[in-house]
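2 protein chains.
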Amino acid sequence: MCNNISFLGPKGTFTHEAAHMVGENLVSYCNIPAVMESVSNGSCQFGVVPIENSIEGPVGITLDSLAHKFDLKIFSEIIIPINQNLIVNPGTSMGDISDVYSHSQAIAQCQGFISDNEIQPHYAISTASAAKSILGDKTKAAIGNSKAAEIYNLDILKYNIQDVDNNETRFVVLSNNDHEPTNNDKTSIIFSIYEDKPGMLYKILGVFEKAHVNLTKIESRPSKKGLGKYLFFVDFYGHRKDKIVQNILNELDNLTYFLKVLGSYPEF
Amino acid sequence: MCNNISFLGPKGTFTHEAAHMVGENLVSYCNIPAVMESVSNGSCQFGVVPIENSIEGPVGITLDSLAHKFDLKIFSEIIIPINQNLIVNPGTSMGDISDVYSHSQAIAQCQGFISDNEIQPHYAISTASAAKSILGDKTKAAIGNSKAAEIYNLDILKYNIQDVDNNETRFVVLSNNDHEPTNNDKTSIIFSIYEDKPGMLYKILGVFEKAHVNLTKIESRPSKKGLGKYLFFVDFYGHRKDKIVQNILNELDNLTYFLKVLGSYPEF
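Read top to bottom, the protein sequences are chains B and Y.
Everything in the first sequence is counted per our numbering, starting at 14 for the first residue and increasing by one.
Everything in the second sequence is counted per our numbering, starting at 14 for the first residue and increasing by one.
Excised from the complex, chain B in its bound form (with noise of 0.2 Å):
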């Protein structure tokens, strides 16, 4: 078994940052399926993506990939802070810029520091990339992370210029099995429901409520079967090991058409 780890790259990006709290060994895949594909077919022990930021919400193709094409499992949770800043060629001042390139949701982030300083925003496949695309031209700007500065020996000219604090994004560490119990667990659940049968998640809330459970989260998003059918995202503490849990799995499995247990880990 091999101890590489898979992570959405290119490197500089806050995904390598999240990379880096797991090991060493380091491997950079241009997307998330391909970090996924990495873990199933077992060339890397755990593979990280980010799964949802506090501002953005989730990143579909992660949820989609975990509901739909891999049977991984979530062996651990990272989160970081989330902060973006204005990266330039050296010399250059807020005058000097008319375009602006990063990742989509960086660009989403930073909506307000944009349009009040009148650039023009360009999406870049990922926030390294966009750094690298400006190497030698003082009127195009970057916004991605110091390490993406850092790497293409760029300056920062303006620090943190998201729209809003409380800006994280949280990574899962996927592998082919999760995490032995540690007393401080969650579990994350994947289900869908009888959309002819109203009212069923109602009562599958009702399974966490009589049971005492807390969701720590739960995310809708499209089953891809038409409009007003969803899968859930439903993360609760406990480990799929403890008895409670296992109560609540089995009277889950009655209630839903789809439950998918993506694993428990420790909290982060």
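In short, the hints are calculated from the structure, not lab data.
Cβ coordinates follow ideal geometry from the N, Cα and C atoms, glycine included.
Careful: at least some of the hints might be erroneous.
Think about it this way: if two alpha-carbon atoms lie no more than 20 Å apart in a straight line, the pair counts; the simulated SDA-like pairs of lysine to any residue are [to be verified]: (1) K273(Y) with R253(Y); (2) K230(Y) with I231(B); (3) K273(B) with N179(B); (4) K242(Y) with I92(B); (5) K254(B) with V274(B); (6) K230(Y) with D209(B); (7) K242(Y) with L148(B); (8) K82(Y) with S128(B); (9) K145(Y) with S128(Y); (10) K273(B) with S128(B); (11) K238(B) with N179(B); (12) K230(B) with R253(Y); (13) K151(Y) with Y136(Y); (14) K230(B) with K82(Y); (15) K238(Y) with Y215(B); (16) K242(Y) with Y136(Y); (17) K216(Y) with N173(Y); (18) K242(Y) with N179(B); (19) K242(Y) with L228(B).
Take a look, some chain B residues computed to stay more than 12 Å from chain Y by CB distance [stated by the list, open to error]: (20) K24; (21) G36; (22) K273.
Output of the computed footprint for chain B on chain Y, the stretches with three or more beta carbons under 8 Å from beta carbons of chain B [as the list claims (entries may be wrong)]: (23) 159 to 168; (24) 193 to 207.
Knowing the structure of chain B, use the given hints to seat chain Y on it.
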């Protein structure tokens, strides 16, 4: 009171198609908040924007703007099937194409087709601007609706290249007032719950359950206040002037931290 109808432009988009179903005096705006502003300040009577797609999910900027920035009401809803086509310059064959341009949602909807054909995807601000950008270059294709091809005298090389069927988008027609009761109505609300009181979502769904009122949608969005803190967008049957709905809204007022009624309107 003018009878202009603003819509998320440019011409040739699916929103343009939806706006045509509302009336004739159409005015194109380049982003969703600008459409809302045009209604809010009275320069347009109605504004048409997308609110959710059955595959890609909610249109975040529409939900966020309705929640936080504008006090607009939903006057009606329009649902149209989304068929994506491969748009090319006349005389182009599949082998000529190396790059494809479209809005990020359209690219996401056609990921299977794009990777099967090994074409490089690029994001454009809209499906219509993508069509315009390929004019005269046979190595470039666009993805969009048939109207976009028509406007720019382009050909459709492949029809219905989206990954899945059941692809439809729901648009809302916004105004300063909602619709009078028609006996076949829906009501849309936004609420947030007290974070320190577990089980509140269960209690809130219980209010609908007790009243035998069915939800047609429940969607979570990050409240931008931190991970695990959500706004919920809920649609249900009934008009806010119905006695039964008034009772529900009164009960919800006590159970929620924040409650906003987006209005009542006939079901499409």
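Hint-by-hint comparison with the structure:
Straight-line distance between C-alpha atoms of K273(Y) and R253(Y) comes to about 12 Å, which keeps the hinted pair within the 20 Å bound. Note on K230(Y) and I231(B): the hinted pairing holds, with a Cα-Cα distance of about 14 Å set against a maximum of 20 Å. About 30 Å separates the Cα atoms of K273(B) and N179(B), which puts this hinted pair outside 20 Å; it is violated. Restraint check for K242(Y) and I92(B): the C-alpha separation of about 15 Å stays at or below 20 Å, so the hint holds.
Among the hinted pairs, K254(B) with V274(B) is consistent with the structure: their alpha-carbon atoms are about 12 Å apart, no more than 20 Å. Distance check on the hinted pair: K230(Y) and D209(B) sit about 13 Å apart at the alpha-carbon level, within 20 Å; holds. For the hint linking K242(Y) to L148(B), the alpha-carbon distance of about 39 Å lies beyond 20 Å, and the restraint is violated. This hinted pair checks out: K82(Y) and S128(B) have alpha carbons roughly 16 Å apart, not beyond 20 Å.
Distance check on the hinted pair: K145(Y) and S128(Y) sit about 23 Å apart at the alpha-carbon level, beyond 20 Å; violated. Taking the CA atoms of K273(B) and S128(B), the gap is about 43 Å. The hint is violated against a cut of 20 Å. Using a Cα cut-off of 20 Å, the hinted pair K238(B) and N179(B) is violated, with the two alpha carbons roughly 34 Å apart. Between the alpha carbons of K230(B) and R253(Y) the distance comes to roughly 29 Å, so the proposed pair goes past 20 Å and is violated.
With a CA separation close to 18 Å, the supplied pair K151(Y) and Y136(Y) stays within the 20 Å bound. Restraint check for K230(B) and K82(Y): the C-alpha separation of about 25 Å exceeds 20 Å, so the hint is violated. At most 20 Å may separate the alpha-carbon atoms for a hinted pair to count; K238(Y) and Y215(B) exceed this at roughly 25 Å. Of the pairs offered as hints, the one joining K242(Y) and Y136(Y) is violated, with about 31 Å between alpha carbons and a cut-off of 20 Å exceeded.
Between K216(Y) and N173(Y), the direct Cα distance comes to roughly 43 Å. Violation of the 20 Å bound is thereby established for this hinted pair. Simply put, K242(Y) and N179(B) have alpha-carbon atoms about 11 Å apart, close enough for the 20 Å limit, and the pair holds. Between K242(Y) and L228(B) the CA atoms are separated by roughly 11 Å; this keeps the pair inside 20 Å, and the hint holds. Under the 12 Å C-beta cut-off, the non-interface status given to K24(B) relative to chain Y holds; the minimum distance is some 22 Å.
The beta carbon of G36(B) is kept farther than 12 Å from every beta carbon of chain Y, the shortest such distance being approximately 24 Å. K273(B), annotated as away from the interface, keeps every beta carbon of chain Y farther than 12 Å; the closest lies near 19 Å. Counting residues of the segment 159 to 168 of chain Y whose CB lies closer than 8 Å to any CB of chain B gives 0, which falls below the minimum of 3, so the coverage claim is violated. A count of 0 residues in the segment 193 to 207 of chain Y with a Cβ less than 8 Å from any Cβ of chain B is obtained; the coverage claim is therefore unmet, three being the minimum.
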